[in-house]
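Novice: For chain A, the structure is supplied; the task is to place chain B on it using the hints.
First to last, the sequence lines map onto chains A and B.
Numbering follows the numbering used here, with no gaps: position 66 of the first sequence is 71.
Numbering follows the numbering used here, with no gaps: position 132 of the second sequence is 149.
Calculated from the structure, these hints are not laboratory results.
In the EDC-like style, the derived pairs of lysine to aspartate or glutamate whose C-alpha atoms are separated by at most 16 angstroms in a straight line are:
hint, chain 1, residue 1, chain 2, residue 2
1, A, K135, B, D140
2, A, K135, A, D158
3, A, K135, B, D173
4, A, K135, B, E142
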Amino acid sequence: MGTVFSFDVRGGGPAVREALGAAVASLHQADEVFSTYRPESQISRLARGELALADCDPEVRELRRRCEEAERRSGGWFSASYAGAGSFDPTGLVKGWAVERAARVLADAGADGVCLNGGGDVQLLGGDWKVGIADPLRPGQLAALVAAGAGTDLAVATSGPAERGCHIRDPRTGEPPATSLASFTVLCPRLTDADAWATAGYAMGDAARDWIEALPDAEAFAVTTTGALWYTTGFPRYAVGVRA
Amino acid sequence: MKRRHPVRRVVLSTAATVSGIVVLIGLKPTASTGGGAQAGGAAATGAGQRSGAAAPASASGASPKGVTVTVTVTGKTVQTKYGPVQVRLTFTGGRITAATALQHPTGNKISDKINAHAVPALDQETLTAQSATIAAVSGASYTSAGYKQSLQSAIDETRA
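If we strip away everything but chain A, and leave its shape as in the complex, we get (with noise of 0.2 angstroms):
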């Protein structure tokens, strides 16, 4: 599989340069709990029964929790267990959750600012960063940009189904999505949250709108399959601009 970290980083001594070892190998240790593409993982090996819950590493119960609330949270359309599988698989948000997690790393080594995109989900913490969002209809432009404001957190996370490819599935019928959006992309302040929550609503399709103004601290920018962009309506403040 192997998705590619790029991090940029601000301010902060030599603890930060070390902190950066520590943020890259808390990465390869999420890969080696989590993935699906190892059969050695605790992730397969849970599926397989080899191992009980109560003896992975209790980042696995801590990410199971996670999708459970995310699951609650979006009326079953972010699921950890689709239909067809009887096995619990965080894909959903253990990639946003891996990435928040190094970030901070380095924020509480004393980094000023950290901007950490894992394979297209994005936390910043501090700083001043701009980031783009992709355009999946145009290859190689930008339908969106946007800022947090200086110093503030902000996660910025996509989905669509270029980047997740099988792994979103409509939870009633473990299929695919029927679905008019080309991306969908949330707004939040923490990573992990908003990598479910564009999981979910990249699922609910046009439904995703009314659900994601509703949640609180989220904001949302989607690119439908004719190209027309919707957002919701705290958006602007994250906005820097929107392709006309």
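Specialist: Here is chain B on its own, set in the frame of chain A:
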């Protein structure tokens, strides 16, 4: 040589392209001003003031070879059910090239909701992610194989 032009009615084509500021106002004027023609959508019209550059034959684009006509028209203030609207348009060669809302409704729920959706349009440099100020791109999906072609890779290269 400049000539003074009589004030004329301006009929706006709804098909004209507006670049620059994107203002979402879908309003029908409730009172039409004298001589005010209206297009269903976007702008106040009417017998407004007009200033021009060069020596044009008309504002609609017919001009002597080699002369580009730029005309700025300021519409009269139109009272709508949401509040006053006044728009200034710039025509270059007969096409709308700029639009500015000199007055627009604020302070009521609907207007604030409409205004909240007025987000600026990205300029070309930003649109193609070539602005050096962009730190990351979300949604440009890639695994290791696709990374090289991704926008994120271009950013990582220039900012390193």
